[in-house]
Each structure stands twice: as structure tokens, then as C-alpha cells.
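Chains A and B, in that order, give the protein sequences.
The numbers in this note's numbering rise by one with no breaks, and the one at position 311 of the first sequence is 311.
The numbers in this note's numbering rise by one with no breaks, and the one at position 78 of the second sequence is 78.
If you're looking for bench data, these hints aren't it; they were derived computationally from the structure.
Here the structure is a predicted model, which means the values were calculated and not measured.
Cβ coordinates follow ideal geometry from the N, Cα and C atoms, glycine included.
Have a look at the derived ranges for each label pair, beta carbon to beta carbon:
id : chain 1 : residue 1 : chain 2 : residue 2 : range
1  : B       : K67       : A       : R442      : 58 to 64 Å
2  : A       : E80       : B       : A32       : 52 to 58 Å
3  : B       : G204      : A       : E371      : 30 to 36 Å
Below, simulated DMTMM-like cross-link-like pairs (lysine to aspartate or glutamate); rule was C-alpha separation at most 20 Å, straight line:
id : chain 1 : residue 1 : chain 2 : residue 2
4  : B       : K52       : A       : D338
5  : B       : K52       : A       : E371
6  : A       : K84       : A       : E105
7  : A       : K462      : B       : D7
8  : B       : K248      : A       : E197
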Amino acid sequence: MKRSVTLRGETFNFADLRELMARANEPKAGDRLAGIAANSERERVAAKMALAEVPLSAFLDEPLLEDDVTGLIVDSLDREEFAKLRSLTVGELRELVLSSNFAAEWQRGVKGALTPEIVAATARIMSARDLISAAAPLRSVTRCRNTMGERGVLGVRVQPNHPTDDIAGVVLSALDGLMFGCGDAVIGVNPAGDAIENVVALEHALHDLIGAVGAPTQSCVLAHFTTQLAALERGAPVDLLFQSIGGTEATNAGFGVTLQGLADGREAVLASHTARDGFIGDNVMYFETGQGTALSVDGHGGVDQLTCEARAYGVARSFDPFLVNSVVGFIGPEYLADATEIIRAGLEDHFMGKLLGLPMGIDICYTNHVEANQDTTDQLLVLLATAGCNFVMGVPGSDDVMLNYQSTSYHDAAGVRELLGARPAPEFLAWLEQTGIFADGRLAEGSANGPESLQAFADSVKELGR
Amino acid sequence: MSADLPDSLRGAVEVGSDVSNVTPARLLIGRAGTAYRTSTQLQLRADHAFAKDALNATFSLDESPMKDLADRFDLFEVESEATSREEYLARPDKGRRLADGVAETLRENCPSGVDLQVVIGDGLSPLAVTSQVPSLLGPLLDHAATRGWSLGRPFVVRNCRVGAMNDIGEALDAQNVVLLIGERPGLATAESLSAYLAHRPRTGDTDAQRNLVSNIHSGGVAAEDAVWRILGLVDAFMIQGRSGFTVKEPARPTSLSEVSGR
Numbered sequence: 001m002k003r004s005v006t007l008r009g010e011t012f013n014f015a016d017l018r019e020l021m022a023r024a025n026e027p028k029a030g031d032r033l034a035g036i037a038a039n040s041e042r043e044r045v046a047a048k049m050a051l052a053e054v055p056l057s058a059f060l061d062e063p064l065l066e067d068d069v070t071g072l073i074v075d076s077l078d079r080e081e082f083a084k085l086r087s088l089t090v091g092e093l094r095e096l097v098l099s100s101n102f103a104a105e106w107q108r109g110v111k112g113a114l115t116p117e118i119v120a121a122t123a124r125i126m127s128a129r130d131l132i133s134a135a136a137p138l139r140s141v142t143r144c145r146n147t148m149g150e151r152g153v154l155g156v157r158v159q160p161n162h163p164t165d166d167i168a169g170v171v172l173s174a175l176d177g178l179m180f181g182c183g184d185a186v187i188g189v190n191p192a193g194d195a196i197e198n199v200v201a202l203e204h205a206l207h208d209l210i211g212a213v214g215a216p217t218q219s220c221v222l223a224h225f226t227t228q229l230a231a232l233e234r235g236a237p238v239d240l241l242f243q244s245i246g247g248t249e250a251t252n253a254g255f256g257v258t259l260q261g262l263a264d265g266r267e268a269v270l271a272s273h274t275a276r277d278g279f280i281g282d283n284v285m286y287f288e289t290g291q292g293t294a295l296s297v298d299g300h301g302g303v304d305q306l307t308c309e310a311r312a313y314g315v316a317r318s319f320d321p322f323l324v325n326s327v328v329g330f331i332g333p334e335y336l337a338d339a340t341e342i343i344r345a346g347l348e349d350h351f352m353g354k355l356l357g358l359p360m361g362i363d364i365c366y367t368n369h370v371e372a373n374q375d376t377t378d379q380l381l382v383l384l385a386t387a388g389c390n391f392v393m394g395v396p397g398s399d400d401v402m403l404n405y406q407s408t409s410y411h412d413a414a415g416v417r418e419l420l421g422a423r424p425a426p427e428f429l430a431w432l433e434q435t436g437i438f439a440d441g442r443l444a445e446g447s448a449n450g451p452e453s454l455q456a457f458a459d460s461v462k463e464l465g466r
Numbered sequence: 001m002s003a004d005l006p007d008s009l010r011g012a013v014e015v016g017s018d019v020s021n022v023t024p025a026r027l028l029i030g031r032a033g034t035a036y037r038t039s040t041q042l043q044l045r046a047d048h049a050f051a052k053d054a055l056n057a058t059f060s061l062d063e064s065p066m067k068d069l070a071d072r073f074d075l076f077e078v079e080s081e082a083t084s085r086e087e088y089l090a091r092p093d094k095g096r097r098l099a100d101g102v103a104e105t106l107r108e109n110c111p112s113g114v115d116l117q118v119v120i121g122d123g124l125s126p127l128a129v130t131s132q133v134p135s136l137l138g139p140l141l142d143h144a145a146t147r148g149w150s151l152g153r154p155f156v157v158r159n160c161r162v163g164a165m166n167d168i169g170e171a172l173d174a175q176n177v178v179l180l181i182g183e184r185p186g187l188a189t190a191e192s193l194s195a196y197l198a199h200r201p202r203t204g205d206t207d208a209q210r211n212l213v214s215n216i217h218s219g220g221v222a223a224e225d226a227v228w229r230i231l232g233l234v235d236a237f238m239i240q241g242r243s244g245f246t247v248k249e250p251a252r253p254t255s256l257s258e259v260s261g262r
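Chain A with its partners taken away, still in its complex shape (with noise of 0.2 Å):
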């Protein structure tokens, strides 16, 4: 393929789909740290400009890399689908996916005929409030021990991570999560220390924490699956598989993962729930992704970053995960430079995701040594519940005391709800107001209010174990 557009009398080549691609991406430091962004913003736009008039065909005749990822997204391809499509260009679906009929065409059928790399094409030539009103009518319903994604709930991920895996720590932690009406779309520990034992007590304290508490929801401690797995066989209680995966068979090799295993290790964790009451539905796996991933591992093969976060969601689509989650901010700035890089990827990833079939969240976050702040956090957080996002994180007072990065909080999460009448799953909600967390669908005046308010949720809970 070779493509040029003359603009303003200067013209601009691509020497192929790939160059097109990186040169055609918003400006992400990670991008420039390969060396494979546009050299400047004619050249960007010109690069938008050519990706516009290529039709989608032109993805599946020239793969932009040769690995097992991509020979996963051309199996699961629905080849029907694709013949109605293959003609259209990338410009023609960008208005497709725009169009106020859409989410009922891709419910019917066309989500399976989108491949991560025609996704991620059509994201780079959308504005951010394009990345949002598509996304907005997309869901992805998944079932676990509840139900997440149904429109107008917003999930929040209760992380009570702690610096030394403090059990106390840890349970306190969740408690106050709890109490502030988050926690429903998973109760998940990044543990400090990866031994099996360790992994092990995590995932008998939070499984009797929700036993406890009677909470209608899922715990995760986000250990290697393979510990996860050597957790289970020794009778520790898993309720969803954590991994974190790259959109390259390279990325994934640097994490230790294979698809098989991934295969292997949810076939395991189902068949665990079959002697386990409470679970509603199969979805057990909980991936974790994000932009500049394949490049900090050496395993992207000239790949432009965001196109490498899309097929990471091609490898989570094929395991039909409970959760997929882009941890937005965390990664340093040499991959997301400042708050414009960093909203501008949470809002590509979310739609990407989403496009796909994705039950997609965000971790809004940052890090002390990137140009964001709180100020950041908020603005991305009230645009993604906006676009419908399915969960969020919820981090005591946004500090992370283990992993050492500001995510969104246990507040926040509660406010953006309130804001925009968000409600948390359905059987969490149930329960919320059960245990007065909740009062008329919204956090009651006396919870998460202090020590009191602790005092006041384990006589509630006493109360209903009777």
C-alpha cells in the first residue's frame, strides 16, 4: 500500500497501513518514544485524512503484525458480518457507529465483525465527544455473583490494597468502601507480595468479609493467574480470574501469560463455582490493560500504542470476561505525558472496548512524575460516567498506600453517581438499602460518615443475620 495527501501543496507518504496508523494517532508520548509519530501536525492530520478512505478490507489483507493475537482476531472474526461491511471505508463507519440507530444494529450483529485494529482506525479520527456519544449506547451486560453493565449503573471496584497485605488493613479498607455504596463491580486486592500463601489469606479475608456482610458481589486479589491458580488448588475461594494482558503475543510473553493458559486457568476457576453457591452467570475473568504496555515490554513490534491497547481487548473479548479494565494514567509519562494524553486515552480506550463488546472500565489515575493532578482524575471521571462507562476504582481518599498512584475514590465514585443518577448493580443495590448504606436509591445521610458510621453498618448487618 502506498498512500499520500497533498495538502496545502505539501504532500505527505505512508508507506504502508501501519506507518499510516502511528502516524494518524493523537499525539501520545509513547508514540514519539518509538519514533513512529507523526513529525508534525500536518503530518497528523494528512495521516487522518488518508486512514479515512480506507476500506475495512484493507485490515484483514494487511495484517499490521503476524503473532497469535492476531491469528486469534481473524478466527473469531463473524465472516458474515464482515462481507456487509468489508467495503465500507474507515471514514463511512466512523459515521455508522455515530448514527442515532446503531446500537441496534451492533447489538443484532455487527460487534462481531470489528476487529481491534478497524476500531482503533475509527477512534483516532473521532473528537472526544464523538468517543462519547458512541460509547454511550453500547452495553455490555456480564454476570458474576451480580449483574453489571445494564444502562444508567455505574460499578465501582473497591481497592483496599495495602503496604504490607495487612489483613486488618485490608478488611478495614473494603469496609469503608463498602459504606460509601462501592464495591459491586469486585472487591480486588493488588497484593504487595506474590507468594501462593499470601495470596491465599487474601482470598479467604475477603471471601469472609462478603460472607460476612451478606454483600451480593465478587473478590479478586490481582496476583499472577498463576498464583491465583495455585491459590485455588489449595481450596482458596477465587470469584474471578485477574490477569493483565497485552495486545501482542510478545507483551504477553513478557508477562508470563499464554492464551492456553488463560484458557486453562478459566476452565479451572468455572469448574470451582460449580461446588460454590451464589454465582449467576460464567463471566470469571478480570483483565487488566493499558496504552504504552506492549512498548515498555519491547514487544510491539512497531505497532502504534493505541492500536496495541485494541487487540489487547481482542485477546480479553475471546475469554468473555466480568471485567476489563484500562489502567489510564499509571504507566509513567513517557507513554501518556500529561492530562491531555491521559483523557484523551480514557476515553479512546473506553469506546474501543466498548465497540468491541466489552464489559470496559477505566482506572482514572496518575502518577506523581506525569503533568495531571486531581483535577485530571475529576474532569475524566465525570466524562467517562457520562459515556457510560461500566466501573470505575474506588481508592481510599485516592491514595493508593500501596501502589503509590492516585486513583479515582470511594468519594468520588459516590458523587459522580449522585451527579448524574448512576445506580450500582442491581442485587448490590438491593442490598445497600437493606443495610441502610442506601436510602431512596442514593448513600444515606449517616454512612461513611466517620467511625460512627462503622459502628452503625455492623449493627445493620447483625440485625439482618438474625
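Go by the hints and put chain B onto chain A.
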């Protein structure tokens, strides 16, 4: 009152308002509507301000607290390929390489082939260097000398990433390199230092060939404890002839005084 509650809940209620006994996390902090209370909001801003400023802090070998150290150990400084703080953040690859000519400078100023070469890197928190290194460097080199190890002349690398250890290993052929480097500042502390350790580091080595003692600060690993752990790892490198994830940190006594008491 809470005696008939499930265990996990009873424990939490009994912790009550003494949250800091079980976690540094910001728990049970109340709210104003769904927003933070004013004190929480301003404390978060203050903690972030300290972290941001730590990132861009600088230190001079001619000024306290580094001057005494520079005088005693004849410290000097060199640069990575990153020429500014901005470039350092955007181009981690440049922070991993020594600037042109630095290898020659090192060979002219430092003995080659020593048992232990200690290097100081500003990393993401120069403040961590000025906070921790003054109490760490002396005991580390003193105890290393007691073991009979030959010691290199310590120096500072500006705009330094961990990978710079490879170029240092190539330049000086030290048996063991220890890099004391400022960690990414968190909200809880901006003064946390890491010690990265490698046996005969060479071009192409990754974290798989390195060992790490992290979280060295007043609320984490004490300097005295860090010294002992670093020495224990270097001991292990020398016995096993390698470093990295296949070398496990030796079990250790709880303090240096316990060691010297043996």
C-alpha cells in the same frame, strides 16, 4: 457490644478510630456531601505538592547535606544522556545511558575491577538522595571495608535511571555495583530510596539480573537495616557468581548491632 459479630467485622469495628494502627490508607475520613472534608482536600493537595517538588528538587555536592559526604568520600558527578529533567522524564532510554565521554571520565577517576562500586543516582526523587544517602553511604562503605572488599570511588549520576548500571559495569568492570537511587515520589512519602544491586552488570542486562532493596526511608526500611541487606546480597553474589531473581535474599539478623555482637 460487637461480640456476636462475624470475626472480620468485629476486628474492624474494634479498630474504631485508630485506623493508623492497621493501615496508612485514608479511611473513615468523613465527607461533605459526597466530597472530601476541607481538611482532607487540602492535605491531599499538600502531599501532592511535596511529591511534585521532590521530583524537581536538586542537590549540590557543595552544599549541606551532601557536602560532608562529598568531602569524606571524594564524590564527583557525571551525567546521563538526558540533558534536562524534561528529557529525562520523556526519554527513559537516555537516562539509562551515560553521556558521551563519561566512561573515560570514570576510568580516569575510579579504580577498575573493585569488589564493590557504589553509585548515587538522583532518579525520580533527588529529595530521597539528600534524605537517605547521608546516613547510608558511610556505614555501607565502612562495613564493606571491614569485610576486606576492595572499594571503588563513589560518584553521582545526574538524570539517572537504573539501567545506567550497565554502562557503569562496562566502564569500570566492578565485581558488584550498588546504585542508590530516588524512587518515584508517592503521596505518603517523597523520600523513599531504592538500592539496585548487580553482579558484573553489562550491556543488555535487565531487572532479571538485578536485586532490589526498596522503600528505604524513615517510615519504611531503616538505613541500618538497608545496609545489612545490601551487604548480605553482595555476599550472596560473590559466593554464587551471579545476581538477579535466582539469588534469594539471605535470612538476616534484625539489626547490625546483633551482627557485630556475634
